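One letter stands for each residue in the lines below.
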Amino acid sequence: MAKTFSIRRQRGFTTIAMACFFALYLPIAVLVFYSFNAGESLASFDGISLRWFTKAFQNQQVIDASIRSLQIASFAAVVATIAATMAALATTRTEPYRGLTLKYAFINQPLMIPEIVTAVALLIFFARVKIWTGYSGLGYLIAAHTAFCIPFAYLPIRARLENMDLTLEKAAADLYATPWNTFRYVTLPLLWPGILAGFMLAFVISLDDVVITEFVKSAGQDTLPTYMLGQIRRSITPEMNAISTLFLLLSVCVVTVFFIVNRKRV
Amino acid sequence: MAELNAVEIRQVSKIFGFGEFAFAAVDNTSVSIRQNEFFTLLGPSGCGKTTLLRLIAGFEYPTSGEIMLNGENIAAMPPFKRPINTVFQSYALFPHMTVAENIGFGLTMLGKPKQEIKDRVDDMLKLVRMEALAGRRTSQISGGQQQRVALARALAPQPKVLLLDEPLSALDYKLRKDMQIELKRLQAETGITFIFVTHDQEEALTMSDRIAVMSSGKILQVGNPREIYDAPADRFVADFIGETNFLKGRISSVTGGIADVDTPVAGRISATMPQDFHAEGEVTVVLRPEHATLCPPDRAVANQMTGTLENVVYFGTDTHYHVRLSDGETLFTLREQNKPLQSARFNQGDTVGIALEANAARVLRN
Chain E
727 MAKTFSIRRQ
737 RGFTTIAMAC
747 FFALYLPIAV
757 LVFYSFNAGE
767 SLASFDGISL
777 RWFTKAFQNQ
787 QVIDASIRSL
797 QIASFAAVVA
807 TIAATMAALA
817 TTRTEPYRGL
827 TLKYAFINQP
837 LMIPEIVTAV
847 ALLIFFARVK
857 IWTGYSGLGY
867 LIAAHTAFCI
877 PFAYLPIRAR
887 LENMDLTLEK
897 AAADLYATPW
907 NTFRYVTLPL
917 LWPGILAGFM
927 LAFVISLDDV
937 VITEFVKSAG
947 QDTLPTYMLG
957 QIRRSITPEM
967 NAISTLFLLL
977 SVCVVTVFFI
987 VNRKRV
Chain R
25 MAELNAVEIR
35 QVSKIFGFGE
45 FAFAAVDNTS
55 VSIRQNEFFT
65 LLGPSGCGKT
75 TLLRLIAGFE
85 YPTSGEIMLN
95 GENIAAMPPF
105 KRPINTVFQS
115 YALFPHMTVA
125 ENIGFGLTML
135 GKPKQEIKDR
145 VDDMLKLVRM
155 EALAGRRTSQ
165 ISGGQQQRVA
175 LARALAPQPK
185 VLLLDEPLSA
195 LDYKLRKDMQ
205 IELKRLQAET
215 GITFIFVTHD
225 QEEALTMSDR
235 IAVMSSGKIL
245 QVGNPREIYD
255 APADRFVADF
265 IGETNFLKGR
275 ISSVTGGIAD
285 VDTPVAGRIS
295 ATMPQDFHAE
305 GEVTVVLRPE
315 HATLCPPDRA
325 VANQMTGTLE
335 NVVYFGTDTH
345 YHVRLSDGET
355 LFTLREQNKP
365 LQSARFNQGD
375 TVGIALEANA
385 ARVLRN
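Top line first, the protein sequences correspond to chains E and R. Per our numbering, residue 727 is the first one in the first sequence, and the count goes up by one each step. Per our numbering, residue 25 is the first one in the second sequence, and the count goes up by one each step.
Hints may contain errors.
[Said to hold, decoys possible] Straight-line Cα separation of at most 20 Å, SDA-like style, residue types lysine to any residue; simulated pairs:
| hint | chain 1 | residue 1 | chain 2 | residue 2 |
| --- | --- | --- | --- | --- |
| 1 | R | Lys142 | R | Thr214 |
| 2 | R | Lys105 | E | Phe909 |
| 3 | R | Lys138 | E | Ile833 |
| 4 | E | Lys896 | R | Gln113 |
| 5 | E | Lys896 | R | Met101 |
| 6 | R | Lys136 | R | Thr122 |
| 7 | R | Lys138 | R | Gln182 |
| 8 | E | Lys896 | R | Thr122 |
| 9 | R | Lys363 | R | Glu353 |
| 10 | R | Lys105 | E | Gln786 |
[Unchecked claim] Restraint ranges, calculated between C-beta atoms of paired labels, are given here:
| hint | chain 1 | residue 1 | chain 2 | residue 2 | range |
| --- | --- | --- | --- | --- | --- |
| 11 | R | Pro102 | E | Arg989 | 47 to 57 Å |
| 12 | E | Ala885 | R | Val336 | 48 to 58 Å |
| 13 | R | Lys150 | E | Leu750 | 42 to 52 Å |
| 14 | R | Ser56 | E | Pro905 | 28 to 38 Å |
| 15 | E | Leu757 | R | Lys142 | 56 to 66 Å |
Quick caveat, the hints were computed from the structure, so don't treat them as lab data. It should be emphasised that the depicted structure is a prediction, and the values quoted were computed from it without experimental measurement. By construction, the Cβ of each residue, glycine as well, lies at the ideal position given by its N, Cα and C atoms.
Build the full structure now, drawing on both the sequences and the hints.
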């Protein structure tokens, strides 16, 4: 019997796949490994210890930066997800109309604009606003993060909505559900995994941002990534490895939680 | 006083698009649907039947005209306020709810008490014979079962009118036959007016009390299945409902509703005239394929034609013959019922005669 075509049986497939995985994960594995280094040096491994983790946890600057990062990411992700949900509903829960593609393009444009351009634009813009209002709190960072998180939240929500039968809402309306009840009992429960995915993605993206944060932040508003960048400019210690490892752990946790929650609801 | 019609469509138009792209999906149409009637909108795809249904359901609003439900104009009422429910072609069952929750949805939205909803859902499950599957997700049941749930869900709130949008088209032949009988039973048991949309003429003929045949946004004929089949109003209806043979001819005389028509291919044929129809000169005569039989070409019978047998198609219950008539142009179709152990009486290429049954021919109203 002739075997059906499968890309997995092509010559060299395994080699290429392994090479890709190596390139992706080897540096991270090294980083995680060295975060357990007992010694001071990055070059030699002097036995296993948790001293750099302890050091990181005792470093007030790290703690402050982490809390600030989580604050910004939570706010930004919540607001961005709400905005993205509304945008996705408006662009998919209707019969296609002229100009719809243009709207998709507008919503996704931030993905195409070089981040550095946005960063410079925001720096100049917020500098003006700061003079006018006198306010210089975290609001600017939250606003900036919200803005660039919207397209990331929008994509999974829209994908979810596009796979949803438009007649479901018609059926609900037909069965005496007001527009609000239709949303509450039909659209929202079905959309929930998409919203969650959008939120997670926005959260991780915000947590991770360096460029825009670096430009927008005022003095003493370091987030964890910008703090790390600042430290590394001076000297690289295994403490950075430990912080990175913790960061990685948080990211993996977020994705795992999302995966589990998403699998339960089909 | 005559009973109020369940639904009355009064000069309703639905125009999509603007300017030169404007297109009337429903074109100044009027029709009355009686109480407790199984009414079918029949027509090819794109004829406007689904648009008309959506206008009644409230998913579209008419460009002009009135839609009366038991005497009240509902043309501008949103769908969730209309006491009308729909069975969708795709069923549109809520995938995140169980079978029972789906059926109870309408009643829940109407704010009925919990116990009443539960009782009604149980009744509905019994009505569609789905008691055992109440707790299942809709993704875990078969297409036929989904169909029943969709029906039960639409019937549960006891609507004044039930709309069915080609609900059987996704089912296989055998299941479709069962559901046709099932639908008739449900309609009789619930006493609800059914408006059924289909492009399947057989479905329409077997199930309906009355049929409206639609084409290009207009209703061409309304009547019971027998009227529609036996006395089609025009060429479109005659052609769309069942197979039909058309013969051109010239009326020579009319006596007592029977016209003698001279046809180039079959000589003089006596054909029934439609009521209140007077015509002279050129007319078209229609003949159903089952109202003619093949015979040897030399038999001298009235109403007989000859031709060459071009094609024999075996259908199990009957056999279809396609005969090229002596003018070399017209292809005449006949249908004969198959008898036990009967072998083919005629073969491809044979010269055959066609004997028409009495009263088989009918003059077409243009």
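Each hint, compared with the structure:
1. Lys142(R) / Thr214(R): At roughly 19 Å apart (the allowed maximum being 20 Å), Thr214(R) and Lys142(R) satisfy the hint.
2. Lys105(R) / Phe909(E): The hint holds at about 17 Å.
3. Lys138(R) / Ile833(E): Outside the cut-off at roughly 44 Å; violated.
4. Lys896(E) / Gln113(R): holds (12 Å)
5. Lys896(E) / Met101(R): holds (14 Å)
6. Lys136(R) / Thr122(R): This hinted pair holds, its Cα atoms lying about 19 Å apart.
7. Lys138(R) / Gln182(R): This hinted pair holds, its Cα atoms lying about 17 Å apart.
8. Lys896(E) / Thr122(R): Holds, at roughly 19 Å.
9. Lys363(R) / Glu353(R): violated (31 Å)
10. Lys105(R) / Gln786(E): violated (61 Å)
11. Pro102(R) / Arg989(E): 47 to 57 Å: violated (37 Å)
12. Ala885(E) / Val336(R): 48 to 58 Å: The hinted range 48 to 58 Å holds for Ala885(E) and Val336(R), with Cβ atoms some 54 Å apart.
13. Lys150(R) / Leu750(E): 42 to 52 Å: violated (58 Å)
14. Ser56(R) / Pro905(E): 28 to 38 Å: Holds, at about 32 Å.
15. Leu757(E) / Lys142(R): 56 to 66 Å: Since the Cβ atoms of Leu757(E) and Lys142(R) sit about 59 Å apart, the hinted range of 56 to 66 Å holds.
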